[in-house]
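Q: Chains A and B supply the protein sequences, listed in that same order.
Numbering (my numbering) for the first sequence: 1 to 431.
Numbering (my numbering) for the second sequence: 1 to 352.
Just so you know, the hints here were simulated from the structure itself, not pulled from any lab data.
What you are looking at is a predicted structure, and each value in this text was computed from that prediction instead of being measured.
You can trust all of the hints, since none of them are fake.
Estimated spans, in silico, between C-beta atoms of each pair:
(1) Thr25/B <-> Gly336/A: 37 to 45 Å
(2) His38/B <-> Glu393/A: 53 to 61 Å
(3) Pro416/A <-> Val23/B: 54 to 62 Å
(4) Ser405/A <-> Arg122/B: 37 to 45 Å
List of simulated lysine-lysine pairs, DSS-like, C-alpha gap at most 25 Å:
(5) Lys208/B <-> Lys251/B
(6) Lys288/B <-> Lys251/B
(7) Lys201/B <-> Lys288/B
(8) Lys421/A <-> Lys156/A
(9) Lys269/A <-> Lys189/B
(10) Lys269/A <-> Lys208/B
Covered, in the sense of this in silico footprint (three residues per stretch, anywhere, with C-beta under 8 Å from a C-beta of chain A), are these stretches of chain B:
(11) 23-33
(12) 147-154
(13) 204-210
(14) 300-310
Ideal Cβ placement from N, Cα and C applies to all residues, glycine included.
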Amino acid sequence: MYSIDWDKVFARRSNGPSESERTGWRALVPAVSRTVWALGVTSMLTDISSEMVASILPMYLVIELGMTPFAFGFIDGIYQGAAALVRVIGGALGDRWNRHKEVAAAGYGLSAACRILLLLAGGAVNAIGGVVALDRIGKGIRTAPRDAMITQSTPKAALATAFGVHRGMDAAGAMLGPLVAFALLAGLPNAFDVVFVASFGAAILGVAAIVLFVPALGDKSGPARRPPGFFPSASGLLRDPGFRRLLVAGVLLSLATISDSFLFLALQKRSALGTAAFPLLYVATSLVTSLFAVPCGRLADRIGRTPVLIAGYAILAGLYVALWATGLGGWLLLAGVVGLLGLYYAATDGVLTAMVAAGLPRESTGSGLAIFATATNVARLLASIAFGYLWMEEGNRPAILIYLSALAVVLIAVGPVLMRKEHGSQTAAAQ
Amino acid sequence: MEAKPPPPNKPLPIAARLGIFAVLTGAIVAAVAAYAIHRRHVAETAAEHDAVAVAIAPMSSSSDFVTAGRILFRNTARGPSYGHVAAVSSSAPGGERTISPLVGDRIYSGGHAIFVLRAHRRALTTYEADCFNADFSPRSSFQLPGAPSRTRVSPDGSLAVSTVFVTGDSYNSGGFSTRTTVYDLRAGKVVGDLEDFAIEKDGQAFRKTDFNFWGVTFGAGNDRFFATVASGGTPYLIEGSIAHRQARVIKNIVECPSLSPDGNRVAFKFRVIENGRFRWSLHAFDLKGGRETIVNELRTVDDQVEWLDESTLLYALPRVGGDSDIWAAPADGTGKPRLLIPDASSPCVVRS
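Next up, chain B with everything else stripped away, as it sits in the complex (with noise of 0.2 Å):
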């Protein structure tokens, strides 16, 4: 190939070349504050109304806010209640939400103790975990190392988990990493990091530099759990006990498990590529007899599922323009899908 020959045309005489910039800086700050302003007008005027699709009923009381037959989530119906833990009964769950006080991120509930991760957007951003009674008294608190992602409670409400994504490096030169932590509600203290529990694979020690570990689930007698732990690009779901601080890898290729309340079924996300696109399925396998389902639902699930009774899976699935509704899908694989609370994220079904 033969280098080109250098266009004939004369450049700009400097003073007009900085002239072109001075200018160009000016229209960009000029358009990036308009917008800036023009955003917060918007914010503002939506933070005046609650949204009217959505109907608001007043608190009672506060102490039958998590009651048995309830679905708690995070209200997203734009206004001031946006961001807000808030209810809705299971046998009405599009009607009338009851708003708490408590503002989160990702909430869950278990044993009458309300667990809220959160953000705190202040000049550095800050994160933590706060855990509630019924009646929204503040029990305990706790720092957390990045971006909240997945909470879960066991059923009687004594241990709490958290996943949050970690990045110290800017995200062109390196991936994220996740950190899942225990907690004793009771005591208000921390359990540990899975990272150091003792991982089986094969009969054998498994230990990678690599390990990421998230989406804890807990069974009915608050110590057994499931997460995922992932390394070299592969997630492998493990079983284990909390009070042993230990696990083992039974099964590949299962993400963000959720274990059914009978404790029979774990449904779970399953990446699919399907014409060179990326997708999450959603899968349900039963833990005695390995048979296995694909939920009916073909857009890409990212969420940990929430069992809303033996054989229904609940979901978020967000919606173009940044908001997000739960879904309600057979586990099975039988039926389709159907909105089942708009405005709504981070479902969580009261049981007790």
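Same shape as in the complex, but just chain A (with noise of 0.2 Å):
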């Protein structure tokens, strides 16, 4: 009988032939482990999952509940400051127990209920601000030890593509799930629940990929190193002159960023786009940042990490330009918009995670990758706030210049310091 050794099959790809090497079509599909394209396959379900519910959850909520959504987004402040909190903690238990594999999939685990629970919870105002809490703590958890596994399964040298593997995966999701909502809502109009179920099988699917293909990594590096807990350790990175470089650099880009929602409302002010749209620019956008993603992280590993993150960063002033100048205007306007954005993200979101990974110690990569997201996810939500201040104040079109000048100021502050640091380092290594 014939059959396929699947192991083989499979286990080539970890010790394989490495990016350069490869040759003719295989050129085309880049080399990363089993681990990466299996969360790859968890985040792109899971996304699948969570944006199919996200894309209808005010219809569901408003229309078909009656309710009004402030009855738990009043509830759900209370809980922003929590979910940083439990990323930290979900990276830092990572470590503590080189469990990264159970820890994640805690995680998923918990947001996949939280689908079924969101139907089960009805009109129920109390249930389902807490089913919104539940999930945001699974998201939480997840992300610092599936970013430490990623990195721990990848050579340094390898980092930026397989990170671009993994988010330009979690886009393809981002950019489905809406698709699939609204297809079903199509064909049976009103059946919300149908979208749920689902959305929750999806979300199971996503959970057996973890759980069924991504090894567990502690018990392949024999007896860990005795893990320094978690304050030991995050001092121990905050010591360190790379990480802070990192982390500094990370907080200051994020300062001057402005967030989609804002893009997107300025655009609208421009064109005669209506807001009903809004979704379908964010599913364009993610089809841009699933295409580019893999492609920029190639790039980043040949050619250098730092060149590509300022590129995305200098794309996305190209954007604020775009959206500042009145000259631009219609369909090129969306077009100029909806690209740029998609490439900034395919340029930046794994390039700098991936220039992170890359300085932090085996036994300290959940905790630092953790620190580090929790830390600009604080710095984007602080300039968030600042722009709504700065658009109610003085305008839209000033809001976007004073950011422009902002990201050129950090950008020609901050670029050559990394550039000169990664040259540096990869010297270093070469030596």
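Got two chains here, separate frames each, mind docking them using the hints?
A: Okay, structure coming up:
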């Protein structure tokens, strides 16, 4: 009987030819480990699941249940801080137990349960608030251990490619989710329960992918070096000049970032676009990101990560210019903003994470990534609040101009430092 | 704490794991498809006949649909008339209902104009507000930027207002915001968003980036209005003028106001936390004397109430299973709530 030795087929991925040794059609497929592919599948299915629900939630709550979303919006505010805390705990626990897989799977499982709980909650305000909070906690728990697994299963020279594969698949899920939800509702009007059931199914498959295909790295690495505990490891990281430099750079860049919703709102002011088309803008942006995340990651591993990162932020600056200038309008502006925003994400998100991950000691990968993600998220939130205030007080064009100037200053200040350091570390590694 | 030793069991061969994943995928796809087919079958069966519990009267002529003494509402009895604008006589609200051809998610009427907010559930859901004459002929139509929540029409039918919930972002990463827009129904034009109105608090300009407006209610003069503006989690009651595009804060912690027909009292939602659980109770207060009463309704009410007369409030309450009914309760806190119109939401009392 003919049989395929799947173990061999898949094992080749982890210790097969490296990125540069591949030829022919195989050069098109990025050489990343099975863990990265499996986590990509998990993230894609989870994003399909969560974006399906997110895209119909306002319709479901406001029209179908006759609710005012503020009812849980105000309960929700309390959990914003809790989510940041949970993220750090998730990273620290993964390190401490050397069990990133289990911690991440628990986070994915919690969010999967939320899909069905949301349906069971019906119109009960308190229950819906609780489910949204649980979902957020699930997302917080899993992020850092997942990125830690991508880091630990990838050689340092291929980290940007690996994160590119993951972020690309993640974006593909974010693109597909709303499309699946709208297709279901178009075929079965008012059948919100079918959307929730389908979303639950996708989430279960996501959990199955991580449980079945991601090897528990702790098992392989033998007796792990005793992890130092979160606070010693955090203070150790913060004393490390390389980590500190990236943390400061990440926070400064985030502070000059305008959130997507404000960019789309500004776009709407410039073009005759109805706000009903907002979900489509997210879908189109995710499509661009999913197409370019892998090429950007591979480029970053070849020519250096800093140039790609800087190019990504230069693209964002170009987007600000397009929105600020009055010359452009209509479809050209629309396509420009969506294309540039998608490219910016493709060139920065995974690449920056790869830069941070490359410098982290193995036993505190999770904590380091969690600290970095939390700091940049808080910076992004502050930037968004400040932008809203400036928009209100000065109008949207002056507000965009201020952020454009800030971004230019940060890039000029941070770019050369990061370039020099990356070059330095490469020469050091070569010696 | 010690790092736990890894479990000794060896993982299954990859072929077995791929097999499990394939079988699971097939099972889940089949289960979702079966559920969707079952759901479609149920919906089709229900759409063939109107629910027997609700008596439907044939409409003799469209000209008398909007008549003083009637209550208009959204019919939510399962069947072909689901979602249609319907009417009952306020003297026999549980009796036969007349069904109009108009379909909507939120409805209101004033001065013989019917204003309907509606979601068009297509591949890309769009929302619109439509104004109809009393004979159901279309008058004007406006695009809405989000899911419809509240609507009101001024007593003479000259102005209308819509509140919708806008969200561009994933619900996991940010909050909702409202857009409250005023329309001139005579000219068929948008007057403006309340966000662009000048708001005053304690004699000073009041302007916040996190402002959300909702729940407009019109006074008898068709210019004075009350509404809620919220900032930093606190909802304020504002009173203002549409023509002057301004308003001022007159009371704290008031949501979804509704002005009584004589213009003297305001009924509203008041948030309470009891034993760690959140609920909206209904209150009413006197604009002149400030005397406040708590309506004897212990269930949470998430609706902009409607005054049936000077002493009775109407509001929709959801039922387990996704349907809703219209209830009535005395505004002065006495008596008990009673079920007024089953399988109905969005009540509107026709006064002239």
